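Asks: Residue strings, one per chain:
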Amino acid sequence: MPALEASLSTGLHQPSDAGSLRRALRRGERGRKRMALALIVPLALFLLVSFLVPIALLLARGFTEREVPQIWPATAAALRAWDGTGLPDKAVASLFVEDLVASRRSGQLSTAASRLNYAVPGARTLVIRTAVALPLPPGSEPLAGLIQLDPRWGERETWAAMRQAAHGYTGFYLLAALDLRTDADGQVQPVPQEQAVFIDVFARTFWISAVVAALCALFGYPLAYMLANLPERVAHVLLVFVLVPFWTSVLVRTAAWMVLLQDRGLINDLLRDLGLIAEPLQLIYNRTGVYIAMTHVLLPYFVLPLYAVMKCVPAATQRAALSLGATPLQTFWRVYFPQTAPGAAAGALIVFILALGYYITPALVGGPEDQMISYFIAFYTNQSLNWGMAAALSLVLLAATLLLLLVHGRLSGRRELTMR
Amino acid sequence: MKKTAMISVCAMACFVATGLGGCTDSVRQRDLTIVGWGGSSQRAHRDAYWTSFVVDTGITLQEDVWHGGIGVLRTKIQAGAADWDIVQVETEELILGCEEGLFEPINWQMLGGREAFIEPSVHDCGVGAMVWSQLFGYDADRMPEGPRNWAQFWDVQRFPGRRGLRRTPKYTLEFALMADGVEPADVYSVLRTPQGVDRAFRKLDELKPYTVWWSSISQVPDLLASGQVAVSMTSPGRLLVANREEGRNFRVVWDGNIYAVDYWVILKGSPRKAQAMQLIAHMKQPQNEVRLPQFIPTGLSNREAIAMLDPALKRDTPSNPENLRHAVELDAQFWVENSDALTRRFNAWAAR
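If you read the sequences in order, they're chains A and B.
With our numbering as the guide, the letters of the first sequence map in order to residues 1 to 420.
With our numbering as the guide, the letters of the second sequence map in order to residues 1 to 352.
Treat the hints with caution; some may be incorrect.
The list that follows gives simulated cross-link-like pairs (lysine to any residue, SDA-like), each with its CA atoms no further than 25 Å apart [said to hold, decoys possible]:
#	chain 1	residue 1	chain 2	residue 2
1	B	K208	A	G367
2	B	K76	A	L52
3	B	K76	B	P271
4	B	K170	A	L52
5	B	K170	A	V191
Sample of chain B residues facing chain A (criterion: CB under 8 Å; computed from the structure) [unchecked claim]:
#	residue
6	G69
7	K76
8	I77
9	G80
10	E99
11	E100
12	E337
13	D340
14	A341
15	R344
16	R345
Keep in mind the hints are simulated off the structure, nothing from the lab.
Source: prediction; values computed, not measured.
By construction, the Cβ of each residue, glycine as well, lies at the ideal position given by its N, Cα and C atoms.
Next comes chain B alone, as it looks inside the complex:
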């Protein structure tokens, strides 16, 4: 009997040991792995860059999808043996992760120098992947003439129907201030004062009874198409892709949009750092980068690529100077500093 017990203990130990051994082995041997935001954005990147990279270099490329959250990256790196190499991150994740030392520094020489890129897309730890915006849109089949700015978005008498907003204080407070008459350029200086925050919440009070709060941007096309909401905050790409692929008639309004850059970062300690840098360089070559807007309407980061871009494709992207005239760049520093307190306040407000 005792012997059997010993054998089972040994068997278990061996199983655990080989299991762990197997893991480290597979990490050592896994392919270069790139991680994007999934959905139409991931498809666009694959069609624009990744397929041609694999053909050109013969390097096998693996894809994964994530939904953001710097905690995910911190956990992966602290656990050792992160299974991702390149990740597309938002500005706050770039700032926090770079300060925490979660990312490898970017070799800007390989990319043609920092000057080749528009200023917001240059960072020690990341390269601008694309420029995107948050704005609002509606279904022109249901509402032929929709609101034209945030003040009208708030006007439920003139444009009846429910409003879709993201269930976070980020963007929502900025839009509320613009609806209250704050100029885009002044939004963050107002929001940095306690009176400004109060003002934003007071403005949100007006819209609260009419608001549907969504949590994932992929809900927006459905919310609009099903008539659950009349107007919704969104990123233009989701709606414009639905127009093209599903024959929808969504319209987006650029007035008072918030734009920001997504970045490519290389995770600290990546065993495939050189290949990762090679892939980033491939994506950022002007003749390659210029392909992306064919697949998804987003802004570019390489100056030369922006100059090359077909004006018809440029029209619906943040690379169109028209679209940035009455707009504000997301102040990621503000949110890094205030998101804890404002998220708490936002949720306390929402429950009241």
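Isolated chain A (complex conformation):
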């Protein structure tokens, strides 16, 4: 807009009264903009304080270390200075012994111990048992004393994991979210195969969401078309059938699908009574169940925006196409569909993005190989309290989603250009 105005004022000779008119217009415009801004200030502030800041703080846990640097500050500083070869010297060990005692007294021991356990399963008990067994016998050398308490203190991996957790910023969680880790030498390595799960789960999450969006488009487009072209009164009645499920809790709808899809559920019974099948079809606790239930749950999000767009397509354009000799199919494909495509794209995008975060539905009607990434985010948040891992997984999901949106924006932008 400013560029346009600039070219207007430089490229064309304007009579001066037109210039002052434009200035006055611009002034008025500016006032209105300011007014509009003032109106959204409360909401923006509210969102900032209650939404954006907490989310940012939580996500920051995905790449910051708080436990070790805060709870064992002296040890953390000493470990940062250690070069990571061999074992740390006895000065580090003696600082660590002091920090252990202090953290046990302040009640923060287990928090730091849990952090080490994320990197080395079993480290939690190691740290807590060691702290309980302190102080070391008088006159004993600290590192040797620790090793005597538990030989794992003589292993470089234990200290390397602590050193990794001693820095303020960390790649630990983000690497883990991508099935990677750093070994004792600081080299990035893939995790052992039996631990590698997240890449798979991310791929699965995006795949399921894409399939659900495609299914919603497949079923939703004809439905929206019908709704948009029926007489108003009938359409309003039918819209209720779309809206009632839309307002019903996801949990209730998923539970209903559990009743319908099970071995002796309505669908299998019907098919059996009709003689179509002898053995019940496996419709639930697998991917099929997830697709069916998620498509149904998310269908209104596709239909409603598309319906709104279709209502605004002027019937005259189609009549014109027909009168100019286009076949009905051509009319639909070349005249009607392009006008509704933005609505369909918006609907599909909403469905896709909502599906990415789905949790309840796959949990109830899916098998273990159908769980999506939110299952793991919930697990780390609620069950194991590993909020760093939860934040890192969320960050990766957010980044991947934004990337996809960007690509989508680019592609659809280009399509619109070529259409013009």
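We have chain A already, so just place chain B on it with the hints.
Replies: Chain B alone, transformed into the frame defined by chain A:
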């Protein structure tokens, strides 16, 4: 125009301010709130204890339901103004929460001292609420003679049909080891070795094609009754209550069960700490506690109450010594330490 904008900003600010003020106010004035696991368990606690507590003391009591997850409690307490006072938690939540300082210490004097209770139900931060077990059950109307132990649970030739297991490594790995011939007493020492974990997963491989993985225990009665699975891991209470209330013919098998204690905890900073302690004391008085098994088959924690309990009610609970003969207590420490790594491995395994 500008004035209107200012007014709307002010109105908004006032709205937000009064809204927040209202919240803190309602927290200050809310009633004593107790939180259980919902369903038949919550009903049983209400009938056994809570109604009589309200009648005896005149204290109004509010109930809520949760589905576990220490993260929920941490969030509530970190946000300040937690709206719960007493919560029923599982052992891992007790351990993690107590170490994090999320719970008030228990006043054991008010409960008659630690010695009055069976040992696993005594903790600095919690009192045993009930003893429960994980075992397996089947519908005797469909399968008159079902498996008798975990090895037979795994035997799909002799007992055809799908198997229901909880979709978590917890319990599943333990049961797999018992099916593979590990004695209950040795389960956790085997599971603490990498070879033991491999062994459990190898045993699970055998059953994988026949398994339906459920996520919520409330699904189990339906899964069994509808024939979706032939045998399922379960807690006995769900099935026995269905037998009593819906005339089902479910049978539970105690061989190789895993038992654990649920605890009552008081959330840190509860404004109604004294009342909360009073309610816990009420629930733990022997003559009150002994009522619970009338409503749901679970084990008790007060020694005197266990001695008073009607043997017929005791039969189907972990308070029956018979039922703990070939059983193992859940090792919550093991799971606190290994659940991250094993959950990851379990899900990687399941997807393969």
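Asks: Give a verdict on every hint.
Replies: Consistency of the hints with the structure:
1. B:K208 with A:G367: holds (11 Å)
2. B:K76 with A:L52: It holds: about 19 Å lies between the C-alpha atoms, which stays within 25 Å.
3. B:K76 with B:P271: Holds. B:K76 to B:P271 sits at ~14 Å (cutoff 25 Å).
4. B:K170 with A:L52: With Cα atoms ~36 Å apart, B:K170 and A:L52 exceed 25 Å; violated.
5. B:K170 with A:V191: holds (22 Å)
6. G69: Check passed: Cβ of B:G69 comes within 3 Å of chain A, closer than 8 Å.
7. K76: violated (12 Å)
8. I77: violated (12 Å)
9. G80: It is violated, given that the least Cβ distance between B:G80 and chain A is near 14 Å, above 8 Å.
10. E99: holds (4 Å)
11. E100: holds (7 Å)
12. E337: Hint holds; B:E337 Cβ to chain A Cβ min 5 Å, cut 8 Å.
13. D340: B:D340 check passes; min Cβ-Cβ to chain A is 5 Å, inside 8 Å.
14. A341: With Cβ-Cβ at 5 Å, under 8 Å, it holds.
15. R344: Cβ of B:R344 sits 5 Å from chain A, so the hint holds.
16. R345: At 5 Å from the nearest chain A Cβ, B:R345 passes the 8 Å test, so the hint holds.
Hint violations for this structure: numbers 4, 7, 8 and 9, all remaining hints satisfied.
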